[in-house]
Amino acid sequence: MAVFARKPIAPLEYSRTLWTRLWVGAVMIFLYAPLVVLMIFSFNDSKRNVVWRGFTTKYYEKALGNDQLVEALINSLTIAALATLASLVLGTLAAVLLWRFRFPWKGAIDGTISLPIIVPEICLGVAFLMFFAAVGWPNDLIWPFNLGAITIAHITFCFPFVTMVVRSRLASFNREQEEAAKDLGASEGQVFRDVLIPHIKPALVAGALLSFTLSLDDFVITYFTSGPDTITFPVKVYSMVRFSVTPEVNAASTLLIILTVILTFIALKAQGVKAIAETH
Amino acid sequence: MTNTAKPIIQIQNVSKRFGKVTAVDNVSLDINAGEFFVLLGPSGCGKTTLLRMIAGFELPTEGRILIDGQDMAGIPPNKRPVNMVFQSYAVFPHMSVTDNVAYGLKIAGVKGGEIKDRVAEALDLVKLGGFGERMPDQMSGGQRQRVALARSLVMRPKVLLLDEPLSALDAKLRAQMQFELSDLQEKVGITFVTVTHDQDEALSMACRIGVINKGEVAQLATPSDLYEYPSNRFVADFVGSVNIFEGKLTLDEPDKAAVDCPGVGKIYLNHGVTGPHGADVWIALRPEKIYLHVPGEGKAVKAAAQDAPDGYNFARGKIKGMSYLGDITLFEIELESGARIRVSRPNLSRHDQEDFTWDDKVSMHWRADSPVVLLG
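Going down the list, the protein sequences come from chains X and A.
The opening position of the first sequence corresponds to residue 730 in the working numbering, with each subsequent residue numbered one higher.
The opening position of the second sequence corresponds to residue 51 in the working numbering, with each subsequent residue numbered one higher.
Please keep in mind that the hints were generated in silico from the structure rather than gathered at the bench.
Any given hint could be a false lead.
Claimed, not checked - Here are the in silico distance ranges between beta carbons for each label pair: (1) Pro763(X) to Pro143(A): 37 to 43 Å; (2) Gly124(A) to Ala999(X): 42 to 48 Å; (3) Pro312(A) to Ser901(X): 57 to 63 Å.
Claimed, not checked - Listed below are the simulated PhoX-like cross-link pairs for lysine-lysine, each with C-alpha atoms no more than 25 Å apart in a straight line: (4) Lys156(A) to Lys930(X); (5) Lys787(X) to Lys776(X); (6) Lys208(A) to Lys161(A); (7) Lys835(X) to Lys70(A).
Unchecked claim - Far from chain A by the CB rule (all over 10 Å, computed), these chain X residues: (8) Trp752; (9) Ser775; (10) Trp834; (11) Ile838; (12) Thr841; (13) Ile842; (14) Glu850; (15) Gly865; (16) Phe874; (17) Thr885; (18) Ser982.
Backbone N, C-alpha and C define an ideal beta-carbon position, used for all residues, glycine too.
Model the full structure from these sequences, guided by the hints.
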């Protein structure tokens, strides 16, 4: 008998109960099935892309050969990179300011800094449209300066996220470390570089990932701020889908997904996922 | 111990107010070069504020602080010739032990080769040789404290400030570190200024102790003077355990004095106290200086009569409480008047704790040089 006896389930071993497994499996399917379908149909040898008609990679060739699509992708990546860099600097400075200093109107600034997160995107988009029109923002600049308006708009809604994650990380900072560094002769700048930045590093990585992905897949605000000749990847995909959902769109999307996954993986690897999980 | 009596730190009429709260109130004290000085006081008494003012993290509202003769006003913490070991140790978690210890030297622009030598020397000093590559999260609390110590000592400061250095260690380790810190201080010859609320720590490590109460210096003395000759009730009560009785001074001559304590008895001292005659005074009597006698009070009377007139330095009572602590037994004795008095008795033999039990009638005596008269 003992041979067939299973090891009893320990009190906290929830992952071994059937119901938990079913539930987790259902959640996984719900989350990832659409993505998997998207990827599979990027290899579909059919123009209509509703029924499976055989395997092909020709739509990848087509997507990569579509100059407009490639240009849109490059634009998107450039905007995302610039917006991420600027958001990191701005967001971190704002977080340190709100954490460290006392000044008049601090409460008001604290409250409004996350406003771009809360305000509906459509409102932000319209606001930017009107703002850039009002200031007479030129839309005939050469690349990459023609991306300026979109980049500025993206920074606006990205940097509050950086501020949020950096601030929550700063809350766990032991101020005695800062004093210890000063006590050992460090200047304010050296304290910032040697003690504070290493402490908030995991938050910086998280903030950068957030900014990058938010910027990369933003549609609404970009739609309102892009000029006639500046097109980003999501906007381009949208305009392609309006005619028909071809496997070319699937192929392009699959490439983008793979690209984001790789970037995320590199960022986490560079930082050490362990560090993020453990230092808190 | 080299006591050149040259002040390395001079605190002159220093006060610190946070809004309406006065944390430090007109404190003046000198700390001598090469001594192990301890600031002792209950939490919230202002001792840490005082230490932080020496380090430069707080600025005095009034008064001034001189380090090695130089006024520290306007000098930021990173430019002061003192280093501090923080209560949380504040070891940089993202740096190895070596990098932690080398940090101050790197900032100071010391050359690589010298940094290496000095870091190795400092780590050896705190018995962490060979731990250089470890990260702080791989070390115990005690080891991290040693890193913090090495990190400060490597700077060769004129004064080392320690904020509650032992409070986070367990009892055994704390006792060991008390000895090690004293040893270390003698070895490096740097002035140590320590803040603590733990009187054992203060008594065991210090050359001199400044007892701080409500922002003021209550007494400045060597450990034994502080214990045996407290100058006021706060110090007597805070340092060690004590019985305090209220009384009136009835006799005060150069070589003898007597105090009448209602409810306790007549207390005789073999020295004068120079207090106003008939004044209200307090008597402090340490529990270990009271001798307990087994039933039959003849012995107690006889013992008391050895150095005091008849009827003085003698009391009768009943045992109301006992706690056996291994090395000593603590007794709480109710006198006939209802007053309670604490007596401790060393367990010199294995069966000593069997001598007495609850509700035993006992008599007590103490020597004429044991009571301390307190005027405030």
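Hints and how they fare:
1. Pro763(X) to Pro143(A): 37 to 43 Å: holds, 42 Å
2. Gly124(A) to Ala999(X): 42 to 48 Å: holds, 44 Å
3. Pro312(A) to Ser901(X): 57 to 63 Å: Taking Cβ atoms as reference, Pro312(A) and Ser901(X) lie about 58 Å apart, which means the hint holds.
4. Lys156(A) to Lys930(X): holds, 22 Å
5. Lys787(X) to Lys776(X): Judged against 25 Å, a Cα distance of about 11 Å means the pair holds.
6. Lys208(A) to Lys161(A): Within the cut-off at roughly 21 Å; holds.
7. Lys835(X) to Lys70(A): holds, 24 Å
8. Trp752: holds, 36 Å
9. Ser775: The claim stands: Ser775(X) keeps its Cβ more than 10 Å from every Cβ of chain A (closest is about 54 Å).
10. Trp834: Consistent with the label, Trp834(X) stays out of reach of chain A, its closest Cβ about 22 Å off (over 10 Å).
11. Ile838: holds, 25 Å
12. Thr841: holds, 29 Å
13. Ile842: Fine: 28 Å to the nearest Cβ keeps Ile842(X) off the interface.
14. Glu850: For Glu850(X), whose nearest Cβ neighbour in chain A is about 38 Å away, the distance exceeds 10 Å, so it holds.
15. Gly865: holds, 48 Å
16. Phe874: holds, 39 Å
17. Thr885: holds, 32 Å
18. Ser982: The claim stands: Ser982(X) keeps its Cβ more than 10 Å from every Cβ of chain A (closest is about 39 Å).
Hint violations for this structure: none, all hints satisfied.
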